[in-house]
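Start from chain A and add chain B according to the hints.
If you're matching them up, the sequences are chains A and B in order.
Everything in the first sequence is counted per this note's numbering, starting at -15 for the first residue and increasing by one.
Everything in the second sequence is counted per this note's numbering, starting at -15 for the first residue and increasing by one.
Source of the hints: derived by calculation from the structure; they are not laboratory data.
Any given hint could be a false lead.
Which copy? The list can't say, so a pair holds if one copy fits it or any two copies do.
List of simulated lysine to aspartate or glutamate pairs, EDC-like, C-alpha gap at most 20 Å [as the list claims (entries may be wrong)]:
1) Lys151 x Glu8
2) Lys60 x Glu148
3) Lys151 x Asp76
4) Lys113 x Glu125
5) Lys151 x Glu122
6) Lys113 x Glu142
7) Lys151 x Glu95
8) Lys113 x Glu95
Protein chains: 2
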Amino acid sequence: MEFLRAVGRLKGLPRTGWLEAGVEEPESVAEHSYRAAILAMVLADLQGLDAEKTMRMALLHDVAEGEMGDLTPEQKRRRGPAHSRDEVEAVDRILSTLPETLAERYRIVWEEYREGTSPEAETATQADKLEMLLQALEYEEAGIDPSRLDRFWRTRVEGGPTSEIAKALMRIRRGRAVPSV
Amino acid sequence: MEFLRAVGRLKGLPRTGWLEAGVEEPESVAEHSYRAAILAMVLADLQGLDAEKTMRMALLHDVAEGEMGDLTPEQKRRRGPAHSRDEVEAVDRILSTLPETLAERYRIVWEEYREGTSPEAETATQADKLEMLLQALEYEEAGIDPSRLDRFWRTRVEGGPTSEIAKALMRIRRGRAVPSV
Chain A
-15 MEFLRAVGRL KGLPRTGWLE AGVEEPESVA EHSYRAAILA MVLADLQGLD
35 AEKTMRMALL HDVAEGEMGD LTPEQKRRRG PAHSRDEVEA VDRILSTLPE
85 TLAERYRIVW EEYREGTSPE AETATQADKL EMLLQALEYE EAGIDPSRLD
135 RFWRTRVEGG PTSEIAKALM RIRRGRAVPS V
Chain B
-15 MEFLRAVGRL KGLPRTGWLE AGVEEPESVA EHSYRAAILA MVLADLQGLD
35 AEKTMRMALL HDVAEGEMGD LTPEQKRRRG PAHSRDEVEA VDRILSTLPE
85 TLAERYRIVW EEYREGTSPE AETATQADKL EMLLQALEYE EAGIDPSRLD
135 RFWRTRVEGG PTSEIAKALM RIRRGRAVPS V
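This is chain A alone, in the form it adopts within the complex (with noise of 0.2 Å):
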């Protein structure tokens, strides 16, 4: 129970880089997280891969901001090493409440994830990359200034389909919005 508490607890957690670019009210961290759900399994059948793999690891990807929050890239950065070991501790926190079977193989899909080692963890990866460059195009059509935005566009999204939905998000992108110097 504990466990999918701290899983709700994500419902409540905004994204903080949308929060720093100025978005009022942005989307929750479970609110990306489904979306990122969906585009795992959508690139992993589009790739012939293990989409049961890829989408446990686009679920399980954020569980450990239910007590950590979410921290921004540079914010983890700036925490270093010290923030790997938090990450996985906390991680072990929340599923150690869960039957031991099902923790020990959730935590191995996680680290998997977090090591990036497999094909379906390069896709869970993009999944969360170019979900939220969908999700930045998507506040720019809302009306926020596209230059808060910019550095969002700086992600690297590389292999097969998920490039190609990244090229097609940035061409839609460049062809609407207002050059943002």
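Leaving out everything else, chain B in the frame of chain A:
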């Protein structure tokens, strides 16, 4: 892309049941679907079912709402067979922007969920309901008048681990909440 945009609309769609119960700024359909998918994974794993199919069902179960909005069970009953027809059409429209093999695959999964014709479909349905009960409990804990949430607790949840969790939630509720009469 249009498929992902339709999925994205679930982020901005508040769950109607909570609005009717007087919850201000309730969770979105995307937030509900996120935890429902996690629960679907856990319940499928606990029972040794096909977790891949169960997660797909949970992720896709509410996509039609991206076009139709979130209707309560009462509203659906009132609209009768017209509702089912509209829902199928909405799902077909949303999926039609995907590559055909994926659209067909997701349509079959969505249909199986809707018909409830497999243990995985039953489990995804139970995950949907359990997620709602846990959220009801959390809203009570956050100060929403329990009497306004009573009707959610009349939801029937059956079968193995699902009913165990539902019973545990009800025990927590009885143990803590002010009698709601």
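How the hints compare with the structure:
no.	hint	result
1	Lys151 x Glu8	neither (27 Å within a copy, 39 Å between copies)
2	Lys60 x Glu148	neither (29 Å within a copy, 39 Å between copies)
3	Lys151 x Asp76	neither (37 Å within a copy, 26 Å between copies)
4	Lys113 x Glu125	within (19 Å within a copy, 34 Å between copies)
5	Lys151 x Glu122	within (16 Å within a copy, 41 Å between copies)
6	Lys113 x Glu142	within (10 Å within a copy, 38 Å between copies)
7	Lys151 x Glu95	neither (29 Å within a copy, 33 Å between copies)
8	Lys113 x Glu95	within (18 Å within a copy, 30 Å between copies)
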